[in-house]
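Student: Let the hints inform the model, and build the full structure from the sequences given.
First to last, the protein sequences are chains A and B. First residue of the first sequence? That's 1 in the numbering used here, and the numbers climb one at a time after it. First residue of the second sequence? That's 1 in the numbering used here, and the numbers climb one at a time after it.
To be clear, the hints were calculated from the coordinates, so they are not data collected in a lab. One or more hints might be untrue.
[As the list claims (entries may be wrong)] Calculated lysine-lysine pairs in the DSSO-like style (CA-CA distance at most 30 Å, straight line):
| hint | chain 1 | residue 1 | chain 2 | residue 2 |
| --- | --- | --- | --- | --- |
| 1 | B | Lys-613 | A | Lys-34 |
| 2 | A | Lys-34 | B | Lys-465 |
| 3 | B | Lys-253 | B | Lys-271 |
| 4 | B | Lys-294 | B | Lys-309 |
| 5 | B | Lys-461 | A | Lys-30 |
| 6 | B | Lys-300 | B | Lys-259 |
| 7 | B | Lys-244 | B | Lys-300 |
| 8 | B | Lys-300 | B | Lys-287 |
| 9 | B | Lys-259 | A | Lys-30 |
| 10 | A | Lys-34 | B | Lys-300 |
| 11 | A | Lys-30 | B | Lys-465 |
| 12 | B | Lys-238 | B | Lys-294 |
| 13 | A | Lys-97 | B | Lys-309 |
| 14 | B | Lys-557 | B | Lys-613 |
| 15 | B | Lys-238 | A | Lys-34 |
| 16 | B | Lys-321 | B | Lys-300 |
| 17 | B | Lys-271 | B | Lys-287 |
| 18 | A | Lys-103 | B | Lys-461 |
| 19 | B | Lys-465 | A | Lys-97 |
| 20 | B | Lys-112 | B | Lys-613 |
[Stated by the list, open to error] From the structure, some residues in chain B lie toward chain A, with a derived Cβ separation under 7 Å:
| hint | residue |
| --- | --- |
| 21 | Phe-87 |
| 22 | Arg-333 |
| 23 | Gly-417 |
| 24 | Gln-430 |
As the structure is a prediction and not an experimental result, all values here were calculated from the model. We treat Cβ as the ideally placed atom computed from N, Cα and C, and that holds for glycine.
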Amino acid sequence: MEKNSAEETIPETELDKDTAIIEEADPNVKYREKMGLILFFIYGFVYSVFVAVAVFNVELMDTVVMFELNLSIFYGLGLIILAVFLAALYSLLCNLKNRATEKANNSAQKSGSI
Amino acid sequence: MLAIILFVLFIVFLLGLSWFFYKQSKTADGYFVADGQIHWFVNGVALTGGYLSAASFLGICGMIAFHGFDGFLYSIGFLSGWVVALFVVAEPFRRLGKYTFADALAARFHSKSIHFAASFSTLMICIFYLVPQMVGAGVLIEPLLGIPHYWGVIIVGAVVIVVVAGAGMASTTYVQFIKASMMISFSAVIVGAMLFRGIDTEVETRDITGQTVSPYEFQTIETETDSPPFQWEEVLAKTEYIFKDKIAQREQKWVLLQKKAEVHLHNDGEKFSLTHRGQDISGDSDKLEELELKEIEEEKYALLPSWWKLSQDSDDNYQLKELQDITIERRRRRQVNGLPASFDNRLLLVGGLSEFGPRSDYEGNNKPIGPLRFLSVFSDPETQVKLPTRDVIDYGGARIQLFGQEPVQGNILMRPGGYFEIGNGNIWNQLNFISLMLALFFGTTALPHVLIRYYTVKDDKSARKSSIVAISSIGLFYILTLYLGLGAIASGVLNPLSDNMSAPLLARAFGEVLFAIITAIAFATVLGTVAGLIVAASGAVSNDFLDKFLNLDMSEKTKVLAARSTAFTVGVISVILGILFRGVNVGFLVGWAFAVAASANLPAIIMVVFWKKATPAGIISSILVGVVASIGIILMGPDMFEIYGLTRADAWVPLTQPAIISMPLSFITIVVVSLLTKQGKLNEKHKL
Chain A
1 MEKNSAEETI PETELDKDTA IIEEADPNVK YREKMGLILF FIYGFVYSVF
51 VAVAVFNVEL MDTVVMFELN LSIFYGLGLI ILAVFLAALY SLLCNLKNRA
101 TEKANNSAQK SGSI
Chain B
1 MLAIILFVLF IVFLLGLSWF FYKQSKTADG YFVADGQIHW FVNGVALTGG
51 YLSAASFLGI CGMIAFHGFD GFLYSIGFLS GWVVALFVVA EPFRRLGKYT
101 FADALAARFH SKSIHFAASF STLMICIFYL VPQMVGAGVL IEPLLGIPHY
151 WGVIIVGAVV IVVVAGAGMA STTYVQFIKA SMMISFSAVI VGAMLFRGID
201 TEVETRDITG QTVSPYEFQT IETETDSPPF QWEEVLAKTE YIFKDKIAQR
251 EQKWVLLQKK AEVHLHNDGE KFSLTHRGQD ISGDSDKLEE LELKEIEEEK
301 YALLPSWWKL SQDSDDNYQL KELQDITIER RRRRQVNGLP ASFDNRLLLV
351 GGLSEFGPRS DYEGNNKPIG PLRFLSVFSD PETQVKLPTR DVIDYGGARI
401 QLFGQEPVQG NILMRPGGYF EIGNGNIWNQ LNFISLMLAL FFGTTALPHV
451 LIRYYTVKDD KSARKSSIVA ISSIGLFYIL TLYLGLGAIA SGVLNPLSDN
501 MSAPLLARAF GEVLFAIITA IAFATVLGTV AGLIVAASGA VSNDFLDKFL
551 NLDMSEKTKV LAARSTAFTV GVISVILGIL FRGVNVGFLV GWAFAVAASA
601 NLPAIIMVVF WKKATPAGII SSILVGVVAS IGIILMGPDM FEIYGLTRAD
651 AWVPLTQPAI ISMPLSFITI VVVSLLTKQG KLNEKHKL
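Tutor: So, in structure tokens, the structure goes:
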């Protein structure tokens, strides 16, 4: 965490190089960012629908949907549980991708050594 | 006494912990990010501890208890913000960042001015977030420990300054870890105890001395007529009251009655006692001078004023509903329910269920109830709950706060709109609601004390795992808040004066031990959040402003010293503001902090990560526009006008929640200024 005393003089091209190095060291960065965005938009859509129903048709929230619960409670609890579920899914997808990349690297190394 | 012992033990424990981890903070890395060596699970729970502030524990539970589902909207919004943090910002930021969000922004541009803008916004958000924590501390400490509000604020401030200025992030991580673990566990214990006890239309609760009592039954007097004028003598003939006055204010009609209460003198007349509304009240006899007294057949009576609300029932007949009041006279004398305010003369706790709907086949009788059935009972249209109301009137030169109870249907309680009134078609209310949901969703990511914790674990994978632990535990806690808030209603423990006390008062319904533990945890909640915020603020000033912007050539030691001095200064400022803002709603203030964060920091964060054309000038302008626009709208809005002592209608801006305007404005600024300064960017490159 050292201070970069020469930071005012670093050209942006070098920064791009730094980013490229990070991405080379971890080829799954792009994948993780893409998956993150997809899951974000899924959640964002579900959240927006909740807000829209509350604003434009709040009586709909009284509808009994399941377990004798109103839509508002069901949807509200659902948003909390969905956030936890998507977070776990994201982690799982990232780990699976990491393993797949490691496996591919290992087999590439093996084939190279042969 | 138990509360005080536990409270002191907690402080000693935290100071000991702080001392133990002191060694870890000799370097800047140790101070700010604990050398990046915090275990991901500990970090995740600590994230929870830092995030669950007074707003969550005291504010949300209180808002649910007073306004139903709208309080739970804060739970949903606060948690949903984590989705943005984890999915959109966590990965790119960890790759870019060092200690603060300013570092992450500057990693792309290397502009000194960005450090200035970012440290400014971080400081503003921290202060907006710190003030409600301090107010919460005072609100909590005042009734629990029987000391004045400002002492509560000063104690929290002093402990936090010692903890943070002493050892930085290493100690706050463990303080927050312990706090979050205890808060979730004991909240679950209270909810479990409440569900096991069951609910009923009549509940026993505890008074201020801890004695089990039945709640006071507030009276209703029927006038049996639908057309004034009233024959008051006739109406009140069967009651112990006499008519004094009737006034119309704030679009309501209020009636002042009077009743007599027998006064007993003790200790050769030095002390007095009387019974009023089920409370035994005693005090020094000189206090009797403040009351209107009358002697009847050698017995002394106090003539106590009593306020009632005049309204029409479903048959259009007028009825009087008994109220509680706090009267502040010209000479600043304070009376509660017609008697001088004292430790044993306080507002009575209110709330409760008056009818059970048939949907869930639960008949009450305090039988154990399952968690889903509990929610079903509350959301039944035929269930009736009693919620507190508050009005302020002026009468005889005195300002009088009137507190009542109104019945609310279950389905209305458990749908959005109880607080924001979105169901009445008012466009501004709807915009406020959308604006708040927007701020809560996007504000979390932009809070400086949340981002900083992404750097306290060793790699991306750990940061991701920490986030999942945090989301899960925060989600669990927020589900518990729904039960805590509704449980407080069902237990009839709502303090009409402050919704913030609902969760601790629910704990008291289950005994002094649980109450004392919750007190200590609530204190630690404030402590942990304040500590995290002060670390973030000190990082912004020492790292971004002094080191990066002013380019002072500071050694590691000087950096830590500067951070500790800032922690001390920010701590003192927040203590002063915490005392000044006494009485302002905690959740209300935290909502603003989220709006400022979402407007000032989020557009910059998003555009830096996802838009290659963003220029330093664009980023700086958007941060400053976001801060100024959001704070400007807040200061010119109806809520602040009410605080200024003016009317809401006089407000220059009809919005109370700024994000719907200030956030897009900040995004537009970044795009426009970046496009206009493309040449500037090239120049900067040349300069570089």
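Student: All hints are to be evaluated individually against the structure, with a verdict given for each.
Tutor: Structure-based check of all given hints:
| no. | hint | in the structure |
| --- | --- | --- |
| 1 | B/Lys-613 to A/Lys-34 | holds, 20 Å |
| 2 | A/Lys-34 to B/Lys-465 | holds, 18 Å |
| 3 | B/Lys-253 to B/Lys-271 | violated, 37 Å |
| 4 | B/Lys-294 to B/Lys-309 | holds, 26 Å |
| 5 | B/Lys-461 to A/Lys-30 | holds, 15 Å |
| 6 | B/Lys-300 to B/Lys-259 | holds, 13 Å |
| 7 | B/Lys-244 to B/Lys-300 | holds, 21 Å |
| 8 | B/Lys-300 to B/Lys-287 | holds, 14 Å |
| 9 | B/Lys-259 to A/Lys-30 | violated, 76 Å |
| 10 | A/Lys-34 to B/Lys-300 | violated, 80 Å |
| 11 | A/Lys-30 to B/Lys-465 | holds, 19 Å |
| 12 | B/Lys-238 to B/Lys-294 | holds, 21 Å |
| 13 | A/Lys-97 to B/Lys-309 | violated, 66 Å |
| 14 | B/Lys-557 to B/Lys-613 | violated, 38 Å |
| 15 | B/Lys-238 to A/Lys-34 | violated, 75 Å |
| 16 | B/Lys-321 to B/Lys-300 | holds, 28 Å |
| 17 | B/Lys-271 to B/Lys-287 | holds, 9 Å |
| 18 | A/Lys-103 to B/Lys-461 | holds, 18 Å |
| 19 | B/Lys-465 to A/Lys-97 | holds, 15 Å |
| 20 | B/Lys-112 to B/Lys-613 | holds, 19 Å |
| 21 | Phe-87 | holds, 4 Å |
| 22 | Arg-333 | violated, 45 Å |
| 23 | Gly-417 | holds, 5 Å |
| 24 | Gln-430 | holds, 5 Å |
The structure fails to meet hints 3, 9, 10, 13, 14, 15 and 22 from the earlier list, while all remaining hints are met.
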